[in-house]
Amino acid sequence: MKMHFSVAILVKGFSGLVAQILLLRELLIVFSGNELGIGIILANWLILGAFGSYVLGRRAERSSYSIEAFTVITILFSLSLLVAVYLTRILKVAMGISIAESIGIFPILISSLLVLSAVSILQGALFAYSCRIYSLYAGPHTSSVGRVYVYETVGAIIGGIACTYLLIPWFNSFQVVTGLALLNLAVCLVLLVPSWKKGLFQKSLLAALGVLVLFSGYSLFSGQADKLHLHSIEAQWKKQNVVHYQNSQYGNLCVIENQGQYSFFLDGIPGLITPVPDIPSLEEYVHLPLLAHPEPVNLLILSGGAGGMINEALKHPSIETIEYAELDPLLLDLIRKFPTVLTESELNDARVRIQHVDGRLFVKKTTNKYDVIFVGIQEPSSLQANRFFTKEFFSLARQRLNEGGVLVLGLPGSLTYVNEELRNLNGCIFSTLASVFTHIRVIPGDGRNLFLSSESRGITQIDRMQIIERLSQRDIAADVLVPWHIEKKLHPGWQDWFSRFIEGSSQDINTDFRPLGLFYSISHWNALFAPSLRGIFSQFERISLTGIVLLFAIVLFLYFIFRPANGQSIRGGITLSIITTGFAGMMFDLMIIFAFQSIYGYVFSWIGILVASFMAGAACGALLITSVLGRIRNHLRLFKLIELALICFSIAFPVVFLAMPPSPGGAEGFFIYKILFLGLSFTSGFLTGSQFPLANKLYLRRSGHLSQTAGLLYAADLLGGWLAGILGAVVLLPVLGLTATCLTVGLLKLTSLTVIATQHDRHLLGSGK
Amino acid sequence: MKQPCPEKITRRCFLENTVRLYLSAGLCSLFLDFGRAEASVNAGSGFEPAYLKLHKTGELKKRAEELWAIMEDCELCPRRCGVNRHKGKRGVCRAPGTQLVISAHHPHFGEERPLVGKGGSGTIFLTHCNLRCAFCQNWEIANLGVGSESNIDDFAGMMLELQEIGCHNINLVTPTHYSAHIIKAIDVAAEQGLRLPIVYNTSGWERLEILRLLDGIVDIYLPDFKYWDSGMSAKYSDGAESYPEITAEAILEMHRQVGVARPAQDGIMQRGLMIRHLVMPNNTGGSEKVMEWIAGNLPKDTYVNIMVQFNPVFKAYDYPELSRRITKEEYLKVVNKAKDLGLSNLDIQGYWWLT
Numbered sequence: 000m001k002m003h004f005s006v007a008i009l010v011k012g013f014s015g016l017v018a019q020i021l022l023l024r025e026l027l028i029v030f031s032g033n034e035l036g037i038g039i040i041l042a043n044w045l046i047l048g049a050f051g052s053y054v055l056g057r058r059a060e061r062s063s064y065s066i067e068a069f070t071v072i073t074i075l076f077s078l079s080l081l082v083a084v085y086l087t088r089i090l091k092v093a094m095g096i097s098i099a100e101s102i103g104i105f106p107i108l109i110s111s112l113l114v115l116s117a118v119s120i121l122q123g124a125l126f127a128y129s130c131r132i133y134s135l136y137a138g139p140h141t142s143s144v145g146r147v148y149v150y151e152t153v154g155a156i157i158g159g160i161a162c163t164y165l166l167i168p169w170f171n172s173f174q175v176v177t178g179l180a181l182l183n184l185a186v187c188l189v190l191l192v193p194s195w196k197k198g199l200f201q202k203s204l205l206a207a208l209g210v211l212v213l214f215s216g217y218s219l220f221s222g223q224a225d226k227l228h229l230h231s232i233e234a235q236w237k238k239q240n241v242v243h244y245q246n247s248q249y250g251n252l253c254v255i256e257n258q259g260q261y262s263f264f265l266d267g268i269p270g271l272i273t274p275v276p277d278i279p280s281l282e283e284y285v286h287l288p289l290l291a292h293p294e295p296v297n298l299l300i301l302s303g304g305a306g307g308m309i310n311e312a313l314k315h316p317s318i319e320t321i322e323y324a325e326l327d328p329l330l331l332d333l334i335r336k337f338p339t340v341l342t343e344s345e346l347n348d349a350r351v352r353i354q355h356v357d358g359r360l361f362v363k364k365t366t367n368k369y370d371v372i373f374v375g376i377q378e379p380s381s382l383q384a385n386r387f388f389t390k391e392f393f394s395l396a397r398q399r400l401n402e403g404g405v406l407v408l409g410l411p412g413s414l415t416y417v418n419e420e421l422r423n424l425n426g427c428i429f430s431t432l433a434s435v436f437t438h439i440r441v442i443p444g445d446g447r448n449l450f451l452s453s454e455s456r457g458i459t460q461i462d463r464m465q466i467i468e469r470l471s472q473r474d475i476a477a478d479v480l481v482p483w484h485i486e487k488k489l490h491p492g493w494q495d496w497f498s499r500f501i502e503g504s505s506q507d508i509n510t511d512f513r514p515l516g517l518f519y520s521i522s523h524w525n526a527l528f529a530p531s532l533r534g535i536f537s538q539f540e541r542i543s544l545t546g547i548v549l550l551f552a553i554v555l556f557l558y559f560i561f562r563p564a565n566g567q568s569i570r571g572g573i574t575l576s577i578i579t580t581g582f583a584g585m586m587f588d589l590m591i592i593f594a595f596q597s598i599y600g601y602v603f604s605w606i607g608i609l610v611a612s613f614m615a616g617a618a619c620g621a622l623l624i625t626s627v628l629g630r631i632r633n634h635l636r637l638f639k640l641i642e643l644a645l646i647c648f649s650i651a652f653p654v655v656f657l658a659m660p661p662s663p664g665g666a667e668g669f670f671i672y673k674i675l676f677l678g679l680s681f682t683s684g685f686l687t688g689s690q691f692p693l694a695n696k697l698y699l700r701r702s703g704h705l706s707q708t709a710g711l712l713y714a715a716d717l718l719g720g721w722l723a724g725i726l727g728a729v730v731l732l733p734v735l736g737l738t739a740t741c742l743t744v745g746l747l748k749l750t751s752l753t754v755i756a757t758q759h760d761r762h763l764l765g766s767g768k
Numbered sequence: 000m001k002q003p004c005p006e007k008i009t010r011r012c013f014l015e016n017t018v019r020l021y022l023s024a025g026l027c028s029l030f031l032d033f034g035r036a037e038a039s040v041n042a043g044s045g046f047e048p049a050y051l052k053l054h055k056t057g058e059l060k061k062r063a064e065e066l067w068a069i070m071e072d073c074e075l076c077p078r079r080c081g082v083n084r085h086k087g088k089r090g091v092c093r094a095p096g097t098q099l100v101i102s103a104h105h106p107h108f109g110e111e112r113p114l115v116g117k118g119g120s121g122t123i124f125l126t127h128c129n130l131r132c133a134f135c136q137n138w139e140i141a142n143l144g145v146g147s148e149s150n151i152d153d154f155a156g157m158m159l160e161l162q163e164i165g166c167h168n169i170n171l172v173t174p175t176h177y178s179a180h181i182i183k184a185i186d187v188a189a190e191q192g193l194r195l196p197i198v199y200n201t202s203g204w205e206r207l208e209i210l211r212l213l214d215g216i217v218d219i220y221l222p223d224f225k226y227w228d229s230g231m232s233a234k235y236s237d238g239a240e241s242y243p244e245i246t247a248e249a250i251l252e253m254h255r256q257v258g259v260a261r262p263a264q265d266g267i268m269q270r271g272l273m274i275r276h277l278v279m280p281n282n283t284g285g286s287e288k289v290m291e292w293i294a295g296n297l298p299k300d301t302y303v304n305i306m307v308q309f310n311p312v313f314k315a316y317d318y319p320e321l322s323r324r325i326t327k328e329e330y331l332k333v334v335n336k337a338k339d340l341g342l343s344n345l346d347i348q349g350y351w352w353l354t
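Top to bottom, those sequences are chains B and Z. Heads up: the first sequence begins at 0 in numbering that gives the first Met the number 0, then just goes up one per residue. Heads up: the second sequence begins at 0 in numbering that gives the first Met the number 0, then just goes up one per residue.
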């Protein structure tokens with residue numbers, strides 16, 4: 000029976016992570032996924048889980064129908080997951096928001112909270128119930144909690160891998176959800192069968208389970224789940240003719256056909272329309288840099304080349320090669336699937352070489368040099384995107400430019416609404432470019448400011464006469480004069496305009512390990528769509544390490560003054576430790592992935608491997624502690640040691656990154672990096688995971704409160720993660736930078752260690768068990 | 000009689016038309032590099048903006064007060080919401096009562112060529128809008144209402160600042176719901192030395208009663224003529240059924256006030272009517288009918304800018320008929336129609352794409 004239940008916990012862990020990944024992805028398709036949106040949605044999932052774990056966890060303690068409760072909760076979980084996925088699809092329609100309409104953080108916060116609520120709360124509750132049930136079979140020692148944690152984590156690892164490599168690429172969300180329901184309900188059936196004799200309730204529950212299992216099996220295998228999927232897409236993309244909808248490893252791609260034109264939506268955001276591109280915007284973006292260069296021969300396009308750009312570039316007769324790096328192969332596959340004369344000629348041209356690789360990684364690895372490099376990323380709105388706007392990237396790009404070469408970059412711009420946030424974003428990136436390139440020509444525009452950077456002076460001098468001269472030299476569009484929409488971009492007045500625009504704005508440099516560009520990009524988004532947050536964000540910018548040290552010093556000071564003199568329970572300290580460890584664990588996970596991407600590049604499979612490594616570490620840590628729990632005499636001392644280890648890790652972490660050379664030498668270099676990252680990931684997981692069972696042990700006075708304790712501490716863990724989700728990526732990392740963020744984590748752990756170390760718990764002094 | 004340019008616009012054909020256009024306006028100087036053009040329109044050219052006279056007689060102030068009073072039971076635009084903006088109430092335009100909200104002001108070098116010149120067009124972008132088109136290319140300021148609160152003195156200050164920077168005109172974008180504020184600000188600025196012509200950059204949907212109060216104040220009218228069909232305007236602009244009818248009347252009145260747009264010696268526009276029309280997919284704008292109306296009701300050399308930059312944004316995807324871009328053929332059809340009708344003063348943005 001214990002064995003069956005261990006499997007049940009595994010399945011629960013598996014389902015929990017799969018549900019989380021699925022719902023998060025679905026929500027991100029609906030709400031354009033910038034870093035704040037991602038953080039908020041993830042944070043919502045965690046806080047709801049914490050709520051479920053804490054509130055419902057207490058009830059687990061008192062319940063005498065644990066298995067039945069577990070079953071009912073599982074049934075509800077499976078149903079609510081299905082509803083949640085459907086709800087997510089039709090969310091925008093239900094809120095009256097149109098497909099191309101952007102929205103701010105508040106609707107995202109509230110609607111994701113609503114959608115995720117049932118699923119996450121129930122998932123959180125299941126942890127406490129799992130601990131209770133397990134302890135019923137394994138005996139009421141606290142190692143039960145540790146074991147449940149281990150099984151759940153192992154299940155999650157399997158879930159993560161299955162989701163990434165199998166479920167998302169090959170099945171649609173409804174199929175996955177139905178499959179999950181089938182799996183969970185079957186497991187509950189097996190668990191409940193031995194108790195069928197107990198009473199009417201159990202019998203009816205079993206009957207219901209049986210029906211549901213059959214029903215979900217039928218839905219899955221007979222295509223009903225598929226029908227639901229198609230129906231929801233129709234509802235989501237109302238009135239439009241959806242001709243393709245697919246998830247790749249990188250995101251969701253949806254193609255709509257309209258009178259011979261195809262609109263490609265990447266994660267719900269309108270990307271390109273074939274075969275008619277945005278002509279004014281495109282002609283300016285492609286031709287101005289190419290005409291500014293005396294004789295462009297080799298081009299590099301990082302993202303965004305298909306759909307007109309390559310076509311325009313090929314009009315310049317001197318072009319011999321166009322290297323085009325587009326990360327997601329699915330995009331080009333779909334463009335080919337719905338061919339147009341324009342895209343076919345582009346993609347099949349002999350001069351075009353397409354690579355499906357991260358643009359930054361390509362620039363790092365290649366030894367080729369180019370005359371013009373186009374950066375097709377719109378703005379640094381996520382940690383991923385920010386890597387194309389940093390000093391390190393610009394330096395890399397400069398090395399890949401021939402003499403007289405030009406780097407072409409765009410940023411959000413506006414001629415109709417000028418605000419401080421937009422100015423800071425432009426000012427920061429402009430300063431970053433200026434720290435690497437000698438000459439920069441800025442071409443402001445409505446919607447986008449164009450930055451042409453070069454080591455050669457010629458770039459700053461392009462004017463109408465030169466354009467005309469080069470056009471006739473190259474015999475391009477020889478029949479037409481320079482159109483006004485091109486000419487007006489060269490007006491000398493724009494230079495003054497831009498200087499005035501960025502006057503007084505941020506001149507800080509955007510670096511890989513201090514992604515300030517991300518912060519400004521999010522601030523700008525808020526300024527447009529959630530103006531009430533502008534005040535908070537401008538305060539966030541002033542956060543500094545000194546300020547944080549001061550804050551912690553004050554908090555500790557107040558703690559020492561106000562704590563009761565006669566020693567009290569250590570439980571508060573333990574809870575605080577778990578919260579801060581939850582925060583730390585999440586932050587380390589985030590920073591490792593982020594650092595990996597910055598140094599190595601965005602390689603999808605490695606994200607999964609790093610996360611799995613973290614979780615494996617957590618499982619191992621928990622397992623190790625659980626198995627030695629009985630043999631340790633001073634648990635508190637071990638706990639404090641782990642706290643100390645976490646503090647040391649926080650300090651060592653940035654040292655490791657700073658010590659690494661920015662460009663690893665060759666294949667062995669890359670290999671060493673990978674091992675290093677795996678090691679860091681595993682270690683941080685190990686330390687995080689080892690604390691949890693220990694904390695439970697320390698917290699417990701009487702084993703009767705086992706599941707309640709487990710529920711509370713699990714909630715604390717999730718709460719820490721919640722904090723990291725909200726503040727970590729968008730505020731701490733960009734404003735403080737990697738090093739200072741790590742030190743902040745270290746300080747946080749120091750605070751909790753201090754609290755524990757200075758609490759004297761009568762019950763635990765010198766106790767063994 | 001001019002022949003329409005063939006599908007593939009040749010330089011010869013384009014140049015012919017261009018030369019004809021410019022010669023007829025007497026502007027050989029346009030072939031010169033702009034770097035050598037005269038800076039300010041006021042540099043000894045003797046130009047006086049229309050409002051100066053009214054300012055000196057005190058009539059400007061009176062008109063401003065009249066417009067201000069209308070906001071008590073607001074009928075500044077054809078929506079005629081009747082809300083009391085003096086008490087902070089909001090109508091369809093969502094302007095916060097009588098509070099002025101401005102989203103940006105700066106020299107703009109991307110407007111029509113005769114407005115830009117060397118010093119740029121002094122644009123002041125006014126927040127909020129009464130039309131609320133589903134495809135609004137500017138929807139963040141028109142619909143979301145982002146911008147900073149200002150007062151009349153600030154507003155006048157902006158105008159003077161733009162003049163000082165070297166702009167050739169004051170270009171008020173989406174002015175309809177703030178007409179009272181505008182006149183007040185012009186009055187204040189004129190007192191402090193404002194001498195630039197006012198460009199009234201409007202959606203076209205203007206009441207005659209209001210336009211008459213602007214007579215002698217605005218030098219350049221820059222209206223859109225968005226829709227020909229009232230069913231379309233009702234559907235895509237939040238019930239603005241009367242758009243075609245009212246805009247047609249309004250444009251005739253504008254023409255009566257300022258006449259045909261003819262640039263001065265230096266190529267800069269000082270006075271006249273400039274009409275904009277955005278070509279939309281599936282003939283939503285009724286473009287050819289609009290051209291017919293212009294040719295039939297206004298002089299053949301009326302300035303018409305036929306714009307190509309439609310993008311499906313904001314709520315456009317709620318309507319499949321608007322969920323795509325226009326094709327080359329759709330655009331050329333409208334341009335050729337306009338030429339067939341004899342319209343000679345066309346700003347048709349010769350894109351390379353069209354060749």
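Don't take every hint at face value.
What the hints assert, rightly or not - Ranges of calculated distance between the beta carbons of each label pair, as one might list FRET restraints:
| no. | chain 1 | residue 1 | chain 2 | residue 2 | range |
| --- | --- | --- | --- | --- | --- |
| 1 | B | VAL655 | Z | GLY165 | 34 to 44 Å |
| 2 | Z | LYS288 | B | VAL241 | 51 to 61 Å |
| 3 | Z | ALA68 | B | GLU468 | 56 to 66 Å |
| 4 | B | GLU468 | Z | LYS299 | 49 to 59 Å |
| 5 | B | ASP332 | Z | LYS299 | 27 to 37 Å |
| 6 | Z | GLU65 | B | GLU468 | 49 to 59 Å |
| 7 | B | LYS368 | Z | LYS299 | 31 to 41 Å |
| 8 | B | LYS237 | Z | ARG79 | 47 to 57 Å |
| 9 | Z | GLN98 | B | GLN398 | 36 to 46 Å |
| 10 | B | PHE105 | Z | GLY87 | 44 to 54 Å |
| 11 | B | LYS368 | Z | GLY341 | 47 to 57 Å |
| 12 | Z | LYS60 | B | VAL241 | 34 to 44 Å |
| 13 | B | VAL340 | Z | GLY341 | 45 to 55 Å |
As the list claims (entries may be wrong) - SDA-like mimics (lysine to any residue), calculated; alpha carbons at most 20 Å apart, straight line:
| no. | chain 1 | residue 1 | chain 2 | residue 2 |
| --- | --- | --- | --- | --- |
| 14 | B | LYS237 | Z | GLU320 |
| 15 | Z | LYS327 | Z | LEU277 |
| 16 | B | LYS226 | B | LEU205 |
| 17 | Z | LYS327 | B | HIS634 |
| 18 | Z | LYS327 | B | LEU623 |
| 19 | B | LYS673 | B | ILE725 |
| 20 | Z | LYS332 | B | LYS238 |
| 21 | B | LYS238 | Z | TYR318 |
| 22 | B | LYS237 | Z | LYS332 |
| 23 | B | LYS238 | Z | LYS327 |
| 24 | Z | LYS327 | B | TRP605 |
Hints listed in this document are in silico derivations from the structure and should not be mistaken for laboratory results. Think of the CB as a built atom: it goes at the ideal place given N, C-alpha and C, for glycine as much as any other residue.
To see whether the hints hold, each was checked on the structure:
no.: 1; hint: B/VAL655 x Z/GLY165: 34 to 44 Å; in the structure: violated, 55 Å
no.: 2; hint: Z/LYS288 x B/VAL241: 51 to 61 Å; in the structure: violated, 34 Å
no.: 3; hint: Z/ALA68 x B/GLU468: 56 to 66 Å; in the structure: holds, 59 Å
no.: 4; hint: B/GLU468 x Z/LYS299: 49 to 59 Å; in the structure: violated, 36 Å
no.: 5; hint: B/ASP332 x Z/LYS299: 27 to 37 Å; in the structure: violated, 52 Å
no.: 6; hint: Z/GLU65 x B/GLU468: 49 to 59 Å; in the structure: holds, 56 Å
no.: 7; hint: B/LYS368 x Z/LYS299: 31 to 41 Å; in the structure: violated, 56 Å
no.: 8; hint: B/LYS237 x Z/ARG79: 47 to 57 Å; in the structure: violated, 33 Å
no.: 9; hint: Z/GLN98 x B/GLN398: 36 to 46 Å; in the structure: violated, 53 Å
no.: 10; hint: B/PHE105 x Z/GLY87: 44 to 54 Å; in the structure: violated, 24 Å
no.: 11; hint: B/LYS368 x Z/GLY341: 47 to 57 Å; in the structure: holds, 55 Å
no.: 12; hint: Z/LYS60 x B/VAL241: 34 to 44 Å; in the structure: violated, 59 Å
no.: 13; hint: B/VAL340 x Z/GLY341: 45 to 55 Å; in the structure: violated, 35 Å
no.: 14; hint: B/LYS237 x Z/GLU320; in the structure: holds, 13 Å
no.: 15; hint: Z/LYS327 x Z/LEU277; in the structure: holds, 14 Å
no.: 16; hint: B/LYS226 x B/LEU205; in the structure: violated, 28 Å
no.: 17; hint: Z/LYS327 x B/HIS634; in the structure: violated, 77 Å
no.: 18; hint: Z/LYS327 x B/LEU623; in the structure: violated, 69 Å
no.: 19; hint: B/LYS673 x B/ILE725; in the structure: violated, 28 Å
no.: 20; hint: Z/LYS332 x B/LYS238; in the structure: violated, 28 Å
no.: 21; hint: B/LYS238 x Z/TYR318; in the structure: holds, 7 Å
no.: 22; hint: B/LYS237 x Z/LYS332; in the structure: violated, 31 Å
no.: 23; hint: B/LYS238 x Z/LYS327; in the structure: violated, 25 Å
no.: 24; hint: Z/LYS327 x B/TRP605; in the structure: violated, 45 Å
When the structure is compared with the earlier hints, violations turn up for hints 1, 2, 4, 5, 7, 8, 9, 10, 12, 13, 16, 17, 18, 19, 20, 22, 23 and 24 and for no others.
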